[in-house]
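K.L.:
Got chain A sorted already, so can you dock chain B onto it with the hints?
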Amino acid sequence: MSAVRTRDYRGLVVPVVAVLVWWLAVQQGWSQSGLLVSPGTVLATAWEQLSSLPFWRGLGASLARDVSGFVIGTALGLILGCVLGLSPLFERLVGPSFNTFKQVSLFAWIPLISVWFGLGDVSKVVFLSLAALVPVVVNTCDGLRNVPPGLLEVARVYGFSRWQTIIGVLLPAALPSIFTGIYLALVYAWLATIGAEYLLVSGEGVGNLLIDGSEHFRMDLVLFGMVVIGAVGWTLNALARALERRLQQRYGSAD
Amino acid sequence: MPANGLSLQHISKQFSAQRGNAAALQVLDDIDLDIAPGEFISIVGASGCGKSTLLRLILGLDGDYQGRILLDGAAISGTGLERGIVFQDHRLFPWLTVEQNVAVGLKNAPLSARQKQASVREHIALVGLERFAQAYPRQLSGGMAQRVAIARGLVNRPRVLLLDEPFGALDALTRNRLQNELQRIWAQERITMVLVTHDVDEAVFLGDRVVVMQPHPGRIRRVLDVDLPRPRQRSDSAFIALRDDLLSDFAEEQGVE
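Protein sequence lines, in the order shown, are assigned to chains A and B.
Under the working numbering, read the first sequence as residues 1 to 255, first letter to last.
Under the working numbering, read the second sequence as residues 1 to 257, first letter to last.
FYI, nobody ran anything at the bench for these hints, they're computed from the structure.
Careful, some of the hints might be misleading.
As the list claims (entries may be wrong) - In silico DMTMM-like links for lysine to aspartate or glutamate, alpha-carbon gap of 25 angstroms or less:
hint, chain 1, residue 1, chain 2, residue 2
1, B, LYS107, A, GLU153
2, B, LYS107, B, ASP89
3, B, LYS116, B, GLU181
4, B, LYS116, A, GLU244
5, B, LYS116, B, GLU99
6, B, LYS116, B, GLU130
Bound-form chain A, shown alone:
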């Protein structure tokens, strides 16, 4: 009799116990701090938010900026990464500058961006594009430079032109690396979305739940906000992983 694979529910133990302990803490009054809200309060707040238009408008605004920044950053990153990866001359000229530029921590750009672009949506999207651009450039460039030289020799043996080599060997071989870069861009863009809302404090977005909540000491809003942000991040991650797996199946790895 073969063992049937059952779903592993053990991962739920920690969160369930945590919520129970939390509920108990509130129930038994283990802390008098006004910051300790009950699970029930959070749920009530969640319900109230989810049925209110401003919440969805804010979430929509955040997602719109996220997608814009991701798309712009990825597109520019692919172009720059390809040129750096395919043209040795360009790499010599621009490479060192780019490598220095990418060392500057992303958030250090905020003051400059806010001075140049203000505090609104434009500067947020600029910031997000930057967050998405760097991993795409790095991974695309690396992918193109690390194509196994043995495969390039095969292309030479069969008389591949430069163009045939780029399209037929370099790009397909670099594809797994390129997709890693795009996946990272997706992750970083969402992280940067929230960061941007904190640091460029104008306009609407899901980050306002956290900002307003902490300003008014409403931990129920804060906790709800965290859950929403985590859920969106998780969804984006899952989507990217699913796509990655589909492509891995087709392309495998260049061994």
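P.N.:
Okay, now just chain B, sitting in the frame of chain A:
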């Protein structure tokens, strides 16, 4: 000297002096060899004798040498579809199926699409992998992948097929099987083949002649005729005698007896 076939005339090559070394490294020294059309030549030698370098020169991947390489009377220049290669690592494109990988060999061949398709199918059948035509390289064993590489090497019917230790990365059982395969393919296609190997058994089993090379600098030590009928038996006494004769060359180099 035959007008046809592969002719290596006074091939010499040095690697230029590196920092710290006073003299340039002489990789090949006056290599002279005539290979008749349809002949199977085995080149044996220890590491560093330049045999792989020689293949790269014939293939056209390296143009920095003295001497001449003639194919059917014409000097070779760069790579060309009339000279094929099977590398030690199969070097198949992981993102292409077996069929598409073999078709890579015909990418720049002056044939119609239908002719190319026919040739690809024919050569996949030649190496016995029809059932795997749509498989990806990572789904194949090492021996199967190498057979695809052989199909790719033969698909545009080169005048010469070079094989650079093609079975070196495979286990002994698979190696034996593929040696038999290669012998069958050669007997069927009668394409000139130049096999480089460090395995003396393999050299005697497959070759019409065995060229023994010695290193420092890379030279031809001697050329042995293998006058045994095919299919060859590795346990045949004449086979063993030839093999031992060749092995003694290498024992001498190490100063044994």
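K.L.:
Indicate, hint by hint, whether the structure satisfies it.
P.N.:
Going down the list of hints, with the structure as the test:
1. B:LYS107 - A:GLU153: Since the Cα atoms of LYS107 (chain B) and GLU153 (chain A) sit roughly 15 angstroms apart, the hinted pair holds (cutoff 25 angstroms).
2. B:LYS107 - B:ASP89: holds, 21 angstroms
3. B:LYS116 - B:GLU181: holds, 23 angstroms
4. B:LYS116 - A:GLU244: violated, 33 angstroms
5. B:LYS116 - B:GLU99: holds, 11 angstroms
6. B:LYS116 - B:GLU130: holds, 16 angstroms
The structure fails to meet hint 4 from the earlier list, while all remaining hints are met.
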